[in-house]
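So in the numbering used here, spot 140 of the sequence shown is number 140, and the numbers just go up one at a time.
Simulated from the structure, these hints should not be mistaken for laboratory data.
Every value quoted in this text rests on a predicted model; they were computed, and no experiment measured them.
Keep in mind that the hints are not guaranteed to be accurate.
Distance ranges between label pairs, derived from CB positions [unchecked claim]: (1) Gly287 to Leu241: 31 to 41 Å; (2) Val251 to Ala124: 40 to 50 Å; (3) Leu322 to Trp267: 22 to 32 Å; (4) Gly189 to Asp48: 21 to 31 Å; (5) Leu5 to Leu129: 36 to 46 Å.
The beta-carbon is built from N, C-alpha and C at its ideal position, and this holds for glycine as well.
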Amino acid sequence: MTVGLLIFALTYLLIAVQRLPFVHLNRPAASLVGAVAMVVFGVLSLPDAYAAVDFDVLVFLLGMMLIVGYLEVGKFFEWAAEWVLQRARTPERLLLGVVVGGGLLSAFFVNDTICLVVTPVLLAALGPLRLRPNAYLIGLAMGANVGSVLSVTGNPQNMLVGIWSRATFGGFLFHMLPVALGGLAITYGYLRWVYRRELGEPFREQLEAVPVTLDRPLVTRGLAMFAVAVVGWLAGGSLPLVAIAAGALMVLVAQRDPAYAIERVDWDLLLFFASLFVVMRGFEQTGAVAWIDRQALGVVESGSPWRAATAVSAVMAMLSNLISNVPAVILWRNTVPQLPHAELLWRVVAMSSTFAGNLLLIGSMANLIVAEKAETRGVRLGFAEYARVGVPVTLLTLAWGIVVLVATQ
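Let the hints inform the model, and build the full structure from the sequences given.
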């Protein structure tokens, strides 16, 4: 028991900080080391470790990544960013386009991907104007985080919740639509108020971006395959089965070398998930998960849905910033089904772990991607500047999400 707790604590410490003296590991590597340690030190047998891996989640992720990979190869996301930039005639409209456009794209095609692809396009367009791009960069990161709450394909934690709660694609979308739209409005409104002086100055010259050569046949097939997947999910099909079937069909009909799309699959993320499942199974063996379950039940079983949603949201927001959102959701995998109002609380977990990513610059991978891409272009996105917007936006969007989800349960 003690050994399992120690391995779990050290693994999550490495996942959270990633750098300790003489140890430099990213999140997937840290989770892999923890998973192997659980077996080597006898907390789990090797067959138990294999059985801990949730292949429904991995298959769902892989199917989506294949479709998104082909859309990346076809330059769909750069084209969408260019389309927004061409219609942004004023700073306010550009900020609106970045927040809403990034949010809507992230709602279906994973927020990290959108930030990875759109950030360089945005910086290239803003560079000749010689203005501070920070408001737009923060808007992109926050909009992508908030918008990704809309569907089960928006971010990894939504995928976990969708599969484990057995939510339908349409049902999840229906409940999260007002949450996402209101969250985007709050994000845009607060950013516009904070940066009102900068946004009040008109562009000195017309905003232009580098033209994008869109591979129309490939993008058309990619969007068609995603539409097929959505139809399959709306018809009640299994989330992982429909996703991998659409991904495999995309490989078949793409008529392009699949190596380019397969290279864009986030294999690191798949390793991260698989290893975390093993670490969490070892953690369960210590009895700690049962203790967490008892504490959670004590807090919410005799309370109203409002109290339960608020308590779960607060805990999830805190955990998401301490150990990252995906590990936080995995930690509550067996807890939520035992709680009263479980269906509601699954949605609260998805909303809270997603919106909590906006709290600090290190709160989500999407934020870090934007900051790192900006730094390569000589633009520094400071921790304090981000927090000045992130903290109030997170608190406001969490409050909005709780009100909407409880009122519409």
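| Any hints this thing doesn't respect? Which numbers, in order? | 2, 4 and 5
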